[in-house]
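For chain Y, the structure is supplied; the task is to place chains U and P on it using the hints.
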Amino acid sequence: MKYRIAIMAALAVTWTGSVLAQAKDPTIAGIEKYREMLGDDNPAELYEARGEILWKKAAGPKNVSLEKCDLGLGPGVVKGAYAKTPRYFGDAGRVMDIESRINWCRETIQGFSTADIVKKPFGSADKPSEIEDLLAYVVTASKGMKISPPNSHPKELEAFALGEALFHLRAGPYDFSCGTCHAVDGMRIRLQELPNLTKTADAKGAYTGWPAYRVSTSRLHSMQWRINDCFRQQRFPEPKYMSESVNALITFLAVMGEGAEYKGPALKR
Amino acid sequence: MSDPMKIRAKLSGDVAEIRVLMGHAMETGQRKDAAGKTIPAHFIQSMTVEVAGKIVVDGQIGTSVSRNPVFGFKVKGAKAGDKVVISWVDNKGDKRSDEVAVA
Amino acid sequence: MEMNVTRRTVLRGAGSLGALSALIAAGVLKPTAAFAAEWNKAAFEAQDTTGVLKGLGAGTPGEHKGLILKVPDIAENGAVVPVDVVSTIPNTVSIAILVEKNPLPLSAHFDFANGALPEAAVRLKLGQTSLVKAVVKADGKFYIAQKEVKVTVGGCGG
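Chains as they are written, first to last, in the numbering used here: chain Y, 1 to 269; chain U, 270 to 372; chain P, 373 to 530.
There may be inaccurate statements among the hints.
To be verified - With a Cα cut of at most 27 angstroms, we get these calculated DSSO-like pairs of lysine-lysine:
1) U:K301 - P:K522
2) Y:K204 - Y:K146
3) U:K348 - U:K279
4) Y:K204 - Y:K143
5) Y:K120 - U:K301
6) Y:K263 - U:K301
7) U:K364 - Y:K127
8) Y:K57 - U:K364
9) P:K413 - U:K306
10) Y:K33 - P:K413
11) U:K361 - P:K513
12) P:K473 - P:K513
13) P:K519 - Y:K33
14) Y:K127 - U:K301
15) P:K522 - Y:K33
16) Y:K33 - Y:K127
17) Y:K33 - P:K473
18) U:K364 - Y:K56
19) Y:K143 - Y:K84
20) U:K364 - P:K413
Stated by the list, open to error - Restraint ranges, calculated between C-beta atoms of paired labels, are given here:
21) Y:G111 - U:A303: 33 to 41 angstroms
22) Y:E67 - P:Q419: 50 to 58 angstroms
23) Y:R35 - U:K306: 46 to 54 angstroms
24) P:G434 - Y:D25: 31 to 39 angstroms
25) Y:R35 - U:L280: 22 to 30 angstroms
Stated by the list, open to error - Examples of chain U residues lying across from chain Y (beta carbon under 8 angstroms, computed):
26) D272
27) P273
28) K275
29) G282
30) R288
31) L290
32) G298
33) R336
34) N337
35) V339
Keep in mind the hints are simulated off the structure, nothing from the lab.
We put the beta carbon where it would ideally sit given N, CA and C, even for glycine.
Isolated chain Y, as found in the complex (with noise of 0.2 angstroms):
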């Protein structure tokens, strides 16, 4: 008996201790100084560049730049774009992100046809893809504003409850959804810690660390990318890309950051 309340105490503290040791575990301090170490030298740079010669060449076969593209602020605006999206755009019928976007103006004002764009969305650290450096000039265009994406006309509000909806779906051979490990507080996978995305806080910082160069792979992911791996993690069947379940999640994810200040791509491990 005795012996067994000895069992049970020591349960208890190491229960109590491993619950204090996440906030103060060596190893997250650890890592938090190797992140900061890093700096904001940050290889997205290289595809920003890259993305705003493409964006002023003129490409496709039409052979027109991407200069009159609108991404949602009109004709050629650029800046502050990204923080404004997902919206739903007119034109298109739908709510599109800003990777949805860049591509729709690909196809028509360059003339690049649906089958070229979808085939190698994501790139590799040797090939990045077109639409990566586009991206990284669009969003780094962003840098310094606040995430506030519209939120308000009955398209993007439906996109944002699809988000929600699809977010909490429990599916797939693992019986998982988003929220099983991103509805709760504490969740890590090894050593990465999980946001709590349902979390206004989690939320903002989740949203603004894509897109990403990620350091283990050498190359900068987006968040249609991001998704797309949330899913294949989960074991469900991989979405497509840019379709609205995909752009949902976005607009959910988005309106959860809203507020968050843009700092440009992030850097990851």
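Just chains U and P, lined up with the frame of chain Y:
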């Protein structure tokens, strides 16, 4: 064609803080491709930093430097407007040189 | 340091990269030769610390509190590990940075002149948990500092 370097040169008192980001694969020569063939080494081997016409840092680089290298240096006695020229050459003879003014 | 004599002489003699470029343009020097020929092959191709130190002509360097090596204790990913070296030892003219466990430990070697402070910030690849070492030369003597960086296996997410 190699990506242009991103160079920052910021004056703090009379010290220029120089940071440079270079676009380069920095292939070690130790990795194998999907077919099991060794990917040949391809890396920046030498670099120089020149401020106001004088070489201040003369660097030799090995394969352990990360892909898309970042370097930081400090140069005393620099003035606003001084030209900073950074150059690199890799082991295949590819080279690049970019410049910026101290701000 | 024999390997570097020619290199430094060329640079000092030329005085500037402009002059060096002139030599290149005149066909006196080939562009690659102007830089890469002086790359310290013996040190960079050495497979252990001893070999690197020998290649650098550094012998058995001692420690010095004026040599400061800043590294993270833990790296989230070994592909990019920030390393800062600062020497407050008077007359420091060069800094070499080594990753002990890498197949080729010598990562970078910098010579400083014309007002450059003996400091360098670099980002290195670490194949595994390893000691990172900084070796500086000051007044003809060599000094060393070392610290361990633990490399973790990255998870997913983030």
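How the hints compare with the structure:
no.: 1; hint: U:K301 - P:K522; result: 25 angstroms, holds
no.: 2; hint: Y:K204 - Y:K146; result: 10 angstroms, holds
no.: 3; hint: U:K348 - U:K279; result: 10 angstroms, holds
no.: 4; hint: Y:K204 - Y:K143; result: 15 angstroms, holds
no.: 5; hint: Y:K120 - U:K301; result: 24 angstroms, holds
no.: 6; hint: Y:K263 - U:K301; result: 37 angstroms, violated
no.: 7; hint: U:K364 - Y:K127; result: 20 angstroms, holds
no.: 8; hint: Y:K57 - U:K364; result: 25 angstroms, holds
no.: 9; hint: P:K413 - U:K306; result: 25 angstroms, holds
no.: 10; hint: Y:K33 - P:K413; result: 34 angstroms, violated
no.: 11; hint: U:K361 - P:K513; result: 34 angstroms, violated
no.: 12; hint: P:K473 - P:K513; result: 25 angstroms, holds
no.: 13; hint: P:K519 - Y:K33; result: 15 angstroms, holds
no.: 14; hint: Y:K127 - U:K301; result: 17 angstroms, holds
no.: 15; hint: P:K522 - Y:K33; result: 13 angstroms, holds
no.: 16; hint: Y:K33 - Y:K127; result: 31 angstroms, violated
no.: 17; hint: Y:K33 - P:K473; result: 22 angstroms, holds
no.: 18; hint: U:K364 - Y:K56; result: 26 angstroms, holds
no.: 19; hint: Y:K143 - Y:K84; result: 12 angstroms, holds
no.: 20; hint: U:K364 - P:K413; result: 19 angstroms, holds
no.: 21; hint: Y:G111 - U:A303: 33 to 41 angstroms; result: 34 angstroms, holds
no.: 22; hint: Y:E67 - P:Q419: 50 to 58 angstroms; result: 53 angstroms, holds
no.: 23; hint: Y:R35 - U:K306: 46 to 54 angstroms; result: 35 angstroms, violated
no.: 24; hint: P:G434 - Y:D25: 31 to 39 angstroms; result: 36 angstroms, holds
no.: 25; hint: Y:R35 - U:L280: 22 to 30 angstroms; result: 27 angstroms, holds
no.: 26; hint: D272; result: 5 angstroms, holds
no.: 27; hint: P273; result: 6 angstroms, holds
no.: 28; hint: K275; result: 5 angstroms, holds
no.: 29; hint: G282; result: 20 angstroms, violated
no.: 30; hint: R288; result: 6 angstroms, holds
no.: 31; hint: L290; result: 5 angstroms, holds
no.: 32; hint: G298; result: 15 angstroms, violated
no.: 33; hint: R336; result: 5 angstroms, holds
no.: 34; hint: N337; result: 4 angstroms, holds
no.: 35; hint: V339; result: 4 angstroms, holds
When each numbered hint is compared with the structure, violations occur for hints 6, 10, 11, 16, 23, 29, 32.
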